[in-house]
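*Asks:* Numbering-wise, the sequence shown is residues 1 to 343 according to the UniProt record's numbering.
By construction, these hints were calculated from the structure, which means they are not laboratory data.
Quantities reported herein were computed from a predicted structural model and do not represent experimental measurements.
Ideal placement from N, C-alpha and C gives every residue a C-beta, glycine not left out.
Check each hint, because a few of them may be wrong.
Said to hold, decoys possible - Only pairs whose alpha carbons sit at most 25 angstroms apart, straight line, appear in this in silico BS3-like list of lysine-lysine: (1) K209 - K86; (2) K86 - K74; (3) K191 - K181.
Claimed, not checked - Derived Cβ-Cβ restraints for the label pairs, each shown as a range: (4) Q264 - E298: 32 to 38 angstroms; (5) D195 - E333: 36 to 42 angstroms; (6) Q342 - F122: 35 to 41 angstroms; (7) K191 - S59: 47 to 53 angstroms; (8) N287 - K191: 18 to 24 angstroms; (9) S184 - F122: 27 to 33 angstroms; (10) V132 - K181: 29 to 35 angstroms; (11) S59 - P202: 32 to 38 angstroms; (12) Q342 - G179: 15 to 21 angstroms; (13) T336 - T125: 25 to 31 angstroms; (14) M56 - G320: 21 to 27 angstroms.
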Amino acid sequence: MASSSASLSSKTRTLIDIFQPALSKRLKTSQTLKTLATNDDKCDSDLTLASSSTDMSASQISRMETNKWMARSKRNLKICSDRVSKWENGCMKLEELLVEETWFEALPGEFEKPYALNLCKFVQTEICSSGVPIYPPPSLIFNALNSTPFDRVKVVILGQDPYHGPGQAMGLSFSVPEGVKIPSSLLNIFKELKDDLGCSIPSHGNLGKWAVQGVLLLNAVLSATSRTLNQKLFKHHQTVMMSNKADIVREHQANSHAKRGWEQFTDAVIKTISQKKEGIVFLLWGNSAQAKLRLIDEKKHHILKAAHPSGLSANRGFFGCRHFSRTNILLKELGTASIDWQL
């Protein structure tokens, strides 16, 4: 009998050994999700306690709320960065770069559609095989969605495609990382903010603080590349004129990933926001953004239109639009917290 029990025990251990890796992976994932949920619940609890305290001012509570969502944004970025670091041969599925679950719930099955499968293959090929930089870096391609959960969206600012200079793009429309020179369009946005609300012009162009307050900073195209050209291919007189320059020059290609499926994906994002939410303020600057009006139900949402803030058009209707104060007025009328635009 003892021998039979020992034999059964041996078989049981063997089966456990066989399935242990998969079991451990599921347990680890479950534990991670529970930990993240617990941390979020603790933040909510702390915020509720703070809100009920008579010693806390409205501005202090607002700062705590912003800090809470900034922490969640950083958590999402870390998860995404960790996934990228574990890529085999530098490659993975595009949808694994989107870690904010509220968007998967809002867009069920979107990544399974034929256009999305083709888009995933294209971007994966560009990342793995093209040998040229991808802007923004892979971990930031879905930064707009990872920073602004679907249920937090209350303002949408639409851009076109990512900045295509080294170090500029960070996955948020118009935004650049701290330490990077502020582009002219963003500087014009800051000038309008100063005239509109008296905000001081910041020393950096990182708009992450807006994103975590519910401002979805969405480009129509979420990735781009930079191509390298050999100057020796230029005509002789061009080569002579540039003989003192480096042999290799870099050509930054705007809209290099346009018409590959990104527009269809971001259109689905905009249309979903329009259909499933109410009272969203859409800031549409320039013709490209205003072309998205067809996706928005104007009876349910607020549309503010102006010229694009670029140096070529800012003086033709962007300056003086007062969109930032008007947005806050609309949000207050809806009983929603206004945006602290000051960086």
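*Asks:* A separate judgement is required for each hint: does it hold in the structure or not?
*Replies:* These are the hints, each one checked on the structure:
no.	hint	result
1	K209 - K86	29 angstroms, violated
2	K86 - K74	18 angstroms, holds
3	K191 - K181	15 angstroms, holds
4	Q264 - E298: 32 to 38 angstroms	22 angstroms, violated
5	D195 - E333: 36 to 42 angstroms	23 angstroms, violated
6	Q342 - F122: 35 to 41 angstroms	39 angstroms, holds
7	K191 - S59: 47 to 53 angstroms	25 angstroms, violated
8	N287 - K191: 18 to 24 angstroms	21 angstroms, holds
9	S184 - F122: 27 to 33 angstroms	30 angstroms, holds
10	V132 - K181: 29 to 35 angstroms	22 angstroms, violated
11	S59 - P202: 32 to 38 angstroms	18 angstroms, violated
12	Q342 - G179: 15 to 21 angstroms	20 angstroms, holds
13	T336 - T125: 25 to 31 angstroms	42 angstroms, violated
14	M56 - G320: 21 to 27 angstroms	37 angstroms, violated
Checked against the numbered hints given earlier, the structure breaks hints 1, 4, 5, 7, 10, 11, 13, 14 and satisfies all the rest.
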